[in-house]
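A.B. asks: Sequence:
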Amino acid sequence: MDKEKLKDIFDKLSALPPEEEEEFEEVTAKEIVAAGLLFCLKEVLDMDDSSFVSAFGQVEKTVNKLARDYYIKLWTYDDWRQEARIILYQLLERFPALANDEEKLRAYFKTKFRSYVLDNIRKQESQKRAFDKMIYEEISELGHMIPSQQMDPADYCALKDKLAELKSKLCPEDYAKILLLMRGNSFKGKRAFIKDIKVEFKDFDNDD
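For the sequence shown, my numbering gives the first residue as 1, with consecutive numbering after it.
Just so you know, the hints here were simulated from the structure itself, not pulled from any lab data.
Each residue gets a CB set at the ideal place from its N, CA and C atoms; glycine is no exception.
Incorrect hints may have been included.
Said to hold, decoys possible - Below 25 Å or equal to it, Euclidean Cα-Cα: the simulated PhoX-like pairs (lysine-lysine) are:
#	residue 1	residue 2
1	Lys190	Lys162
2	Lys195	Lys160
3	Lys104	Lys61
4	Lys104	Lys123
5	Lys188	Lys162
6	Lys167	Lys198
7	Lys123	Lys65
8	Lys195	Lys167
9	Lys195	Lys123
10	Lys169	Lys73
11	Lys167	Lys73
12	Lys162	Lys177
13	Lys177	Lys188
14	Lys73	Lys110
Claimed, not checked - Just the calculated beta-carbon pair ranges, DEER-fashion:
#	residue 1	residue 2	range
15	Asp196	Glu103	53 to 59 Å
16	Arg106	Glu200	51 to 57 Å
17	Glu103	Thr76	29 to 35 Å
18	Tyr116	Gly57	18 to 24 Å
19	Arg81	Lys198	27 to 33 Å
20	Lys112	Ser50	19 to 25 Å
21	Ser51	Ala192	22 to 28 Å
Let the hints inform the model, and build the full structure from the sequences given.
C.D. replies: If you want it as structure tokens, here you go:
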């Protein structure tokens with residue numbers, strides 16, 4: 001895809017109000033966002049290298065401070081710098097005069113990049129709340145299912161302890177698979193997963 005096409009796609013996305021962005025199909029949205037990021041990176045690489053390096057040097061301390069103060073899952077040090085470069089490019093494209101005003105550049109960049117970081121943190125926390133809610137609902141439903149199978153109260157308590165242990169030990173995706181198994185649901189790779197996890201439930205085996 002050539003640069004003009006990338007710019008056209010990115011500009012259209014940037015102009016959309018939030019409510020319309022949410023109406024995009026997931027795949028389409030991902031493609032458009034990827035195109036926009038690629039366009040920004042291409043433009044950054046095409047900029048006068050010395051002027052952009054100089055501008056980034058003026059805001060680098062802000063980037064490092066925000067990276068120390070905030071945590072975004074899966075963001076490495078290089079990710080922070082890459083995201084900062086993209087934000088810096090967008091800022092300089094909109095306000096070219098900032099390249100010649102270090103004080104304003106730092107102030108504008110800090111506001112824009114901090115806002116971008118906080119947006120990502122809010123999305124991260126929203127995803128975590130959604131997952132925690134799913135787990136809570138699964139456990140609540142599981143609590144109603146087990147007594148109906150006439151499980152011994154002592155075994156029921158032991159199972160609750162085992163689930164708590166697994167929740168802390170396993171990744172969220174694997175723990176969710178265990179709950180799906182206990183509800184009788186299917187998922188991709190179910191047979192292999194059962195083979196791997198079976199040892200964790202050997203104390204509840206009724207085949208003795």
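A.B. asks: Each hint needs a verdict: does it hold in this structure or not?
C.D. replies: Checked hints:
At roughly 20 Å between alpha-carbon atoms, Lys190 and Lys162 fall within 25 Å of each other, so this suggested pair holds. Note on Lys195 and Lys160: the hinted pairing holds, with a Cα-Cα distance of about 21 Å set against a maximum of 25 Å. Our distance criterion of 25 Å between C-alpha atoms is met by Lys104 and Lys61, whose separation comes to about 15 Å. Using a Cα cut-off of 25 Å, the hinted pair Lys104 and Lys123 is violated, with the two alpha carbons roughly 29 Å apart.
Note on Lys188 and Lys162: the hinted pairing holds, with a Cα-Cα distance of about 24 Å set against a maximum of 25 Å. Our distance criterion of 25 Å between C-alpha atoms is met by Lys167 and Lys198, whose separation comes to about 15 Å. With a C-alpha separation of about 21 Å, the suggested pair Lys123 and Lys65 falls inside the 25 Å cut-off, and the hint holds. With a CA separation close to 18 Å, the supplied pair Lys195 and Lys167 stays within the 25 Å bound.
Of the pairs offered as hints, the one joining Lys195 and Lys123 is violated, with about 35 Å between alpha carbons and a cut-off of 25 Å exceeded. A threshold of 25 Å between alpha carbons decides the hint, and for Lys169 with Lys73 the separation of about 18 Å falls inside it, so the pair holds. The suggested pairing of Lys167 with Lys73 holds, with an alpha-carbon distance near 19 Å, which does not exceed 25 Å. Our distance criterion of 25 Å between C-alpha atoms is met by Lys162 and Lys177, whose separation comes to about 15 Å.
Distance check on the hinted pair: Lys177 and Lys188 sit about 10 Å apart at the alpha-carbon level, within 25 Å; holds. As the CA atoms of Lys73 and Lys110 are separated by approximately 21 Å, the hinted pair is consistent with the 25 Å bound. Evaluation of the 53 to 59 Å hint for Asp196 and Glu103 yields a pass: the beta carbon distance comes to about 58 Å. The beta-carbon spacing between Arg106 and Glu200, approximately 53 Å, falls within the hinted interval of 51 to 57 Å.
For Glu103 and Thr76, the hinted distance range of 29 to 35 Å is satisfied, since their beta carbons lie about 30 Å from each other. At about 20 Å, the beta-carbon gap between Tyr116 and Gly57 stays in the expected band of 18 to 24 Å. Distance hint for Arg81 and Lys198: a CB-CB separation of about 45 Å, inconsistent with the stated range 27 to 33 Å. Here the CB-CB span from Lys112 to Ser50 is close to 23 Å, well matched to the stated 19 to 25 Å.
Checked against the hint of 22 to 28 Å, the C-beta distance between Ser51 and Ala192 comes to roughly 54 Å, which is inconsistent with it.
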